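Heads up: the protein sequence lines correspond to chains A and B, in order. Quick note on numbering: the first sequence equals residues 1 to 258 in the UniProt record's numbering. Quick note on numbering: the second sequence equals residues 1 to 625 in the UniProt record's numbering.
Don't read these hints as lab results, they were simulated from the structure. Computed from a predicted structure; not experimentally measured. There may be inaccurate statements among the hints.
Claimed, not checked - No farther apart than 25 Å at their CA atoms in a straight line, the calculated lysine-lysine pairs in the DSS-like style are these:
1. A/K16 with A/K216
2. B/K157 with A/K110
3. B/K370 with A/K142
4. B/K613 with B/K296
5. B/K218 with B/K115
6. A/K142 with B/K612
7. A/K205 with A/K110
8. B/K33 with A/K110
9. B/K261 with B/K197
10. B/K296 with A/K205
11. B/K157 with A/K216
12. B/K157 with A/K16
13. B/K612 with B/K576
14. B/K112 with A/K142
15. A/K4 with B/K33
16. B/K360 with A/K123
17. A/K142 with A/K4
18. B/K282 with B/K354
19. B/K360 with A/K216
20. A/K163 with B/K157
21. A/K163 with A/K123
22. A/K123 with B/K115
23. A/K123 with B/K261
24. B/K360 with A/K142
25. A/K142 with A/K243
26. B/K33 with B/K218
27. B/K296 with A/K142
28. B/K512 with B/K296
Given next are the chains, with one letter for each unit.
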Amino acid sequence: MGYKAKFRVWRGDAGKGELKDYTVEVNEGEVVLDVIHRLQATEAPDLAVRWNCKAGKCGSCSAEVNGRPRLMCMTRMSTFEENETVTVTPMRTFPVIRDLVTDVSYNYQKAREVPSFDGGDVKPGEFRMQQVDVERSQEFRKCIECFLCNNTCHVIRDHEENKEHFAGPRFLMRVAELEMHPADVADRRQIAQEEFGLGFCNITKCCTEVCPEHIKITDNALIPMKERVVGRRYDPLVWLGSKIGIVKRDKTKETPKA
Amino acid sequence: MSEIERLQFDVVVIGAGGAGLRAAIEARLQGKKTAIISKSLFGKAHTVMAEGGAAAAMGNANPNDNWQVHFRDTMRGGKFLNNWRMAELHAKEAPDRVWELEAWGALFDRTKEGKISQRNFGGHEYPRLAHVGDRTGLELIRTCQQKIVSLQQDDHKELGDYDAKIQVFAETTITRLLKDDEGKICGAFGYIRETGKFVVFEAPAVVLATGGIGKSFKVTSNSWEYTGDGHALALLAGASLINMEFVQFHPTGMVWPPSVKGILVTESVRGDGGVLRNSDGKRFMFEYIPDVFKDKYATTEEEADRWYEDPDNNRRPPELLPRDEVARAINSEVKAGRGSPHGGVFLDIASRLKAEQIIKRLPSMHHQFKELADVDITAEPMEVGPTCHYVMGGVEVDPDTGAALIPGLFAAGEVSGGMHGSNRLGGNSLSDLLVFGRRAGLGAAEYASEVTATVPESEIEAAMAEALEPYEREGGENPYAVHQELQQTMNDLVGIIRREEELEQAIEALGKLRERVNSVSVEGGRGYHPGWHLALDLRNMVLVSECVAKAALERQESRGGHTRDDYPEMSAEWRKLNLVCRLSDGTVELKRQDMEPMRDDLIGLFELDELKKYLTEGELPSEEK
Numbered sequence: 001m002g003y004k005a006k007f008r009v010w011r012g013d014a015g016k017g018e019l020k021d022y023t024v025e026v027n028e029g030e031v032v033l034d035v036i037h038r039l040q041a042t043e044a045p046d047l048a049v050r051w052n053c054k055a056g057k058c059g060s061c062s063a064e065v066n067g068r069p070r071l072m073c074m075t076r077m078s079t080f081e082e083n084e085t086v087t088v089t090p091m092r093t094f095p096v097i098r099d100l101v102t103d104v105s106y107n108y109q110k111a112r113e114v115p116s117f118d119g120g121d122v123k124p125g126e127f128r129m130q131q132v133d134v135e136r137s138q139e140f141r142k143c144i145e146c147f148l149c150n151n152t153c154h155v156i157r158d159h160e161e162n163k164e165h166f167a168g169p170r171f172l173m174r175v176a177e178l179e180m181h182p183a184d185v186a187d188r189r190q191i192a193q194e195e196f197g198l199g200f201c202n203i204t205k206c207c208t209e210v211c212p213e214h215i216k217i218t219d220n221a222l223i224p225m226k227e228r229v230v231g232r233r234y235d236p237l238v239w240l241g242s243k244i245g246i247v248k249r250d251k252t253k254e255t256p257k258a
Numbered sequence: 001m002s003e004i005e006r007l008q009f010d011v012v013v014i015g016a017g018g019a020g021l022r023a024a025i026e027a028r029l030q031g032k033k034t035a036i037i038s039k040s041l042f043g044k045a046h047t048v049m050a051e052g053g054a055a056a057a058m059g060n061a062n063p064n065d066n067w068q069v070h071f072r073d074t075m076r077g078g079k080f081l082n083n084w085r086m087a088e089l090h091a092k093e094a095p096d097r098v099w100e101l102e103a104w105g106a107l108f109d110r111t112k113e114g115k116i117s118q119r120n121f122g123g124h125e126y127p128r129l130a131h132v133g134d135r136t137g138l139e140l141i142r143t144c145q146q147k148i149v150s151l152q153q154d155d156h157k158e159l160g161d162y163d164a165k166i167q168v169f170a171e172t173t174i175t176r177l178l179k180d181d182e183g184k185i186c187g188a189f190g191y192i193r194e195t196g197k198f199v200v201f202e203a204p205a206v207v208l209a210t211g212g213i214g215k216s217f218k219v220t221s222n223s224w225e226y227t228g229d230g231h232a233l234a235l236l237a238g239a240s241l242i243n244m245e246f247v248q249f250h251p252t253g254m255v256w257p258p259s260v261k262g263i264l265v266t267e268s269v270r271g272d273g274g275v276l277r278n279s280d281g282k283r284f285m286f287e288y289i290p291d292v293f294k295d296k297y298a299t300t301e302e303e304a305d306r307w308y309e310d311p312d313n314n315r316r317p318p319e320l321l322p323r324d325e326v327a328r329a330i331n332s333e334v335k336a337g338r339g340s341p342h343g344g345v346f347l348d349i350a351s352r353l354k355a356e357q358i359i360k361r362l363p364s365m366h367h368q369f370k371e372l373a374d375v376d377i378t379a380e381p382m383e384v385g386p387t388c389h390y391v392m393g394g395v396e397v398d399p400d401t402g403a404a405l406i407p408g409l410f411a412a413g414e415v416s417g418g419m420h421g422s423n424r425l426g427g428n429s430l431s432d433l434l435v436f437g438r439r440a441g442l443g444a445a446e447y448a449s450e451v452t453a454t455v456p457e458s459e460i461e462a463a464m465a466e467a468l469e470p471y472e473r474e475g476g477e478n479p480y481a482v483h484q485e486l487q488q489t490m491n492d493l494v495g496i497i498r499r500e501e502e503l504e505q506a507i508e509a510l511g512k513l514r515e516r517v518n519s520v521s522v523e524g525g526r527g528y529h530p531g532w533h534l535a536l537d538l539r540n541m542v543l544v545s546e547c548v549a550k551a552a553l554e555r556q557e558s559r560g561g562h563t564r565d566d567y568p569e570m571s572a573e574w575r576k577l578n579l580v581c582r583l584s585d586g587t588v589e590l591k592r593q594d595m596e597p598m599r600d601d602l603i604g605l606f607e608l609d610e611l612k613k614y615l616t617e618g619e620l621p622s623e624e625k
């Protein structure tokens with residue numbers, strides 16, 4: 001049932017580090033995080049790893065396993081061959097604090113820049129929304145903020161210089177979530193393009209591929225946002241749609257909020 | 001002392017789950033300079049694990065629902081040991097707190113009329129839980145997190161600084177509350193995980209919102225943060241804990257594979273029609289309806305199944321009994337040899353709902369079983385068993401303000417005690433967080449308006465020396481080994497079914513473990529050192545475990561989350577008593593304390609026949625009422 005697995009784990013801090021080899025016991029049904037915990041409890045008590053719920057709900061234990069951005073708690077050991085070396089490294093896009101723990105404060109800075117929900121004049125208890133209308137934004141609110149999408153996005157993965165003007169898929173999706181929120185009255189299209197770098201996204205769908213919540217970030221959030229930003233004025237299809245009466249909502253006529 | 005950072009606030013909130021964030025929002029709305037201290041990253045607290053929903057008598061699904069019905073359900077669920085004033089405030093204020101979340105951007109599932117949808121849950125007479133699929137806790141915490149960001153944006157606009165009035169300290173752990181010469185709270189001492197540097201928060205008011213104690217048990221649904229920090233900090237500061245013997249074992253945790261044993265399977269599975277079966281395929285819950293609930297639960301499968309469509313003319317399925325009842329029933333079935341292959345029982349939703357409906361209503365359960373256990377819950381039953389989930393006991397507080405017995409100390413959420421009595425109903429914790437988080441934030445803000453804080457240097461020196469002890473010792477034990485033994489001890493001896501001899505053994509074992517905790521050692525630097533963090537958390541876990549074991553030994557009856565094999569009956573005499581833990585010269589001392597009699601108008605909400613099941617003769621209202 002149990003076997004000895006070969007692990008290579010990145011050890012080090014902001015200054016320097018290296019991959020260290022370990023041989024460690026693995027039992028039936030275990031995930032990568034279990035093995036990392038076993039290392040902590042036995043030969044590496046100071047091995048730094050960020051984790052919390054160990055159930056794929058909090059998004060804390062993001063790392064790269066054999067080069068793939070993943071949650072360690074949702075990566076089952078049974079997906080590897082017993083003789084395969086499992087390499088665990090920290091997320092590459094964010095600065096390392098120590099070992100597998102990275103400084104993800106970039107994400108929290110970007111979160112602060114997105115103009116918040118604005119419910120207008122509706123009083124608490126008086127909101128009326130249909131299920132079908134809330135479902136679009138509900139999909140994006142499944143996000144557990146593991147930041148694997150931002151880690152993966154090539155706009156910033158190897159381009160530190162883009163971080164200042166690019167909010168990453170996570171926060172462009174947050175903009176989309178608010179734009180599609182049936183009760184929100186603000187308009188964030190201009191800021192999405194000018195401040196958050198929506199135009200950088202060339203829809204390679206890498207973010208969607210690594211999302212542990214299987215949110216269709218590119219198809220359901222980023223592409224529709226791009227369409228909204230382009231606006232009807234420049235889009236002959238939307239223009240045609242409005243002539244034959246398919247397109248009803250016209251958000252472009254709303255005044256952007258200061 | 002040059003390496004210690006000192007920061008000044010009006011209100012410091014320890015804990016960044018639902019209760020902590022709601023308390024902080026309130027303190028900031030009252031104009032107070034507020035700090036939020038989070039052991040994890042901002043937005044990752046244990047609240048994200050809450051699945052089912054927030055109970056609030058909005059009456060959207062059934063117009064007969066109101067605060068009185070919710071109050072009655074809560075008292076019944078807690079077997080009348082609840083602090084009735086807390087249960088009253090909770091039932092009255094929960095709807096406003098849920099609606100407020102919506103005004104902050106939360107997106108709950110909807111009814112056909114466009115209102116917030118409400119679902120059925122164990123012990124709730126009507127569909128009452130506002131929910132978002134089965135990830136309601138995430139919605140709650142994200143909404144509070146985003147509300148805080150929006151307040152920070154307001155402050156940035158006005159004062160040029162996001163952190164001017166409300167600041168989040170992520171990955172920061174408090175190890176001591178600080179008290180001034182008069183015995184008032186004056187701040188908190190802790191370390192920043194990333195660097196290991198110490199920090200002193202000077203503040204007249206501190207709100208504890210640290211959650212529970214589950215990490216003292218081996219099989220638990222709780223995350224690593226749940227080490228009883230707030231419970232222990234309160235004890236060490238001289239405050240009291242009540243009801244610590246009452247620990248809720250959620251009936252349905254995953255039992256296989258071993259590495260995920262204990263992870264929660266939401267009660268919504270049963271609320272949406274899921275049934276429990278033993279290895280004979282029998283729906284065994286019909287055998288386990290206790291006398292106090294006999295007239296409220298269906299006695300045949302036919303009636304139980306009709307209830308989902310026609311709740312007004314049928315009684316509820318017994319799968320929806322309060323959690324303590326269901327957990328004990330599962331335990332008995334497994335003991336009798338009628339369990340599933342991996343030591344649980346079967347929870348079947350596959351034969352009850354269509355696959356699309358299951359995926360729609362229980363998406364994260366579907367995902368969780370598929371990814372972690374290779375089980376497709378739309379095609380086969382789950383295997384489930386009890387898991388340590390929630391502690392009803394906690395800091396003794398004033399119901400209206402959340403104030404503890406030490407001036408300047410407040411508590412809300414799971415770390416506070418009284419609200420849920422001997423057993424919490426599902427759905428009542430998310431609403432508890434909001435109602436009492438707000439009240440504690442308000443209480444702390446009002447108190448901080450009148451009091452200033454001065455921290456004595458000696459307090460800081462003592463706290464720092466204590467935090468560094470694991471580095472001072474050489475060749476001591478590995479903290480992980482001590483932790484594993486503590487978890488095994490609590491699981492084996494203070495678990496779901498308790499006995500006098502085992503509890504005595506546990507108390508003795510905990511005494512020895514405390515010695516060992518005092519001798520663990522760590523090496524290396526202080527930056528992000530998990531071994532050091534655990535070494536410090538162990539003090540809290542052992543202290544809280546002693547409270548649980550001692551109170552469990554003292555209470556000679558079975559009630560809610562406390563089942564004594566040697567005293568299987570519920571006793572009306574014991575109902576009148578709270579057990580109160582305090583620390584005296586480092587030892588946990590236990591005191592019996594009379595409960596305050598329920599206010600007449602509240603007791604009048606119950607039928608006399610029902611009251612007779614719980615109260616002593618002398619406590620009953622006179623017949624003519």
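Going through the hints against the structure:
1. A/K16 with A/K216: Given that 25 Å is the threshold and the Cα spacing comes to 36 Å, the pair is violated.
2. B/K157 with A/K110: holds (16 Å)
3. B/K370 with A/K142: holds (18 Å)
4. B/K613 with B/K296: Since the Cα atoms of B/K613 and B/K296 sit roughly 14 Å apart, the hinted pair holds (cutoff 25 Å).
5. B/K218 with B/K115: violated (41 Å)
6. A/K142 with B/K612: Outside the cut-off at roughly 47 Å; violated.
7. A/K205 with A/K110: holds (21 Å)
8. B/K33 with A/K110: Cα-Cα ~23 Å, so holds.
9. B/K261 with B/K197: Given pair B/K261, B/K197 is violated - Cα atoms ~35 Å apart, limit 25 Å.
10. B/K296 with A/K205: violated (53 Å)
11. B/K157 with A/K216: With a Cα-Cα distance of about 34 Å, the restraint between B/K157 and A/K216 is violated, given a limit of 25 Å.
12. B/K157 with A/K16: It is violated: about 40 Å lies between the C-alpha atoms, which goes past 25 Å.
13. B/K612 with B/K576: holds (14 Å)
14. B/K112 with A/K142: holds (22 Å)
15. A/K4 with B/K33: violated (53 Å)
16. B/K360 with A/K123: Measuring from Cα to Cα gives roughly 30 Å; hence the hint is violated.
17. A/K142 with A/K4: violated (36 Å)
18. B/K282 with B/K354: holds (21 Å)
19. B/K360 with A/K216: Holds. B/K360 to A/K216 sits at ~16 Å (cutoff 25 Å).
20. A/K163 with B/K157: Roughly 23 Å between the alpha carbons, so the hint for A/K163 and B/K157 holds.
21. A/K163 with A/K123: violated (38 Å)
22. A/K123 with B/K115: holds (13 Å)
23. A/K123 with B/K261: The hint is violated at about 44 Å.
24. B/K360 with A/K142: holds (13 Å)
25. A/K142 with A/K243: violated (37 Å)
26. B/K33 with B/K218: Roughly 39 Å separates the two Cα atoms, so the pair is violated.
27. B/K296 with A/K142: Between B/K296 and A/K142 the Cα gap is close to 36 Å, so the pair fails against 25 Å, i.e. violated.
28. B/K512 with B/K296: violated (47 Å)
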